[in-house]
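Peer 1: Please put together the full structure from these sequences, using the hints given.
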Amino acid sequence: MKSWARQNETLVKVLFIICMVLCILGYVSSPVALVGGFLFSYFLGHPFLTLNSKAVNWLLKIAVVGLGFGMNLKETLAAGQDGFLLTVFSISATLILGYFLGRLLKMNKKSSHLISSGTAICGGSAIAAVSPVINASEKDISISLGVIFLLNSIALIVFPPLGHLLDLNQHQFGLWCAIAIHDTSSVVGAAYTFGEEALKVATTVKLARALWIIPLSLLSVFLFKGKGKSVKIPYFIFLFILAIILNSYLPIPEILTTGITSISKSLLVLTLFLIGAGLSMDKIKSAGWKPMILGFSLWVFISVSAILVILVL
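Each residue of the sequence shown is one higher than the one before, counting from 1 in the UniProt record's numbering.
Simulated pairs of lysine to any residue, SDA-like, Cα-Cα distance not exceeding 20 angstroms:
| # | residue 1 | residue 2 |
| --- | --- | --- |
| 1 | LYS139 | ILE293 |
| 2 | LYS61 | LEU239 |
| 3 | LYS61 | TRP212 |
| 4 | LYS225 | PRO132 |
| 5 | LYS265 | PRO253 |
| 6 | LYS265 | SER29 |
| 7 | LYS109 | ILE141 |
The following label-pair restraints were derived from C-beta to C-beta distances:
| # | residue 1 | residue 2 | range |
| --- | --- | --- | --- |
| 8 | PRO253 | LEU77 | 21 to 27 angstroms |
| 9 | PRO251 | ASN169 | 28 to 34 angstroms |
| 10 | LEU51 | LEU239 | 19 to 25 angstroms |
| 11 | LEU73 | LYS13 | 41 to 47 angstroms |
| 12 | GLU196 | LEU85 | 22 to 28 angstroms |
| 13 | LYS13 | PHE89 | 45 to 51 angstroms |
| 14 | SER142 | TYR235 | 23 to 29 angstroms |
| 15 | TYR249 | GLY288 | 47 to 53 angstroms |
| 16 | VAL14 | MET281 | 22 to 28 angstroms |
| 17 | VAL304 | LEU223 | 25 to 31 angstroms |
| 18 | TRP289 | PRO253 | 52 to 58 angstroms |
| 19 | GLU138 | ILE293 | 19 to 25 angstroms |
| 20 | PHE100 | ILE245 | 37 to 43 angstroms |
To be clear, the hints were calculated from the coordinates, so they are not data collected in a lab. All C-beta atoms in this analysis are idealised placements derived from N, C-alpha and C, irrespective of residue type, glycine included.
Peer 2: Here it is in structure tokens:
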């Protein structure tokens, strides 16, 4: 199939662009976009692979900031407060458990720390922030991203049906997504599939959670003695907060805010398609069984413990 694709590069590019347009126009759901991107890349290859990472990075930030124009500040603060204690507990417990499981599996210390960080906070973003301060090798980063992206993709598909099966309300599901799913893109994608309120709660709690990248990076500098290393701050989160404030206190026409949030949701679906297209079997196979066991164990722990707490609240 890929040999045919190499002989018909222009046609493959056209088909890829058509898939992107279908995502933007709303003909494709979040899970279908992710799986569709992966299948397209697997059978036909990715015609714009060199641009994929930057496109995903910018599209996700633009989409998240745009979603802020559909939120109210008071409701956002209430959702953030609900998830604060659960966030602190889940991050601390995941990092501690990851450390001991990594030692039990006799894993590379840096790979173990990266997988634990990605599971605890926000997937690939946390790995990207922590890896330079601990001097992680390209292999360490690749292995960690492979594990996180695979589990992240599975979560996007299985969480909405599980939410309905557990009879979760919108608020409970949004909170669960924000705590238990790795990357912001899949958190928002899963919540978007479940409902509007779930989307607002999940986005707010997840982005508040992402700010923990800063103390985690500082802790990593101390643990791995990475002196002189700069810490990456996710500045786009402050733009998201600014969008919420503007929407809450300025008389912006509803037709404009509705249009911005609608476009943002379409960009999110497109982002998930590109994430799927960038997820190769080589990345997954290169991870090996030990990192996969660690990542899966931490994911199950954070998912189960979070839902138990949420159902008791």
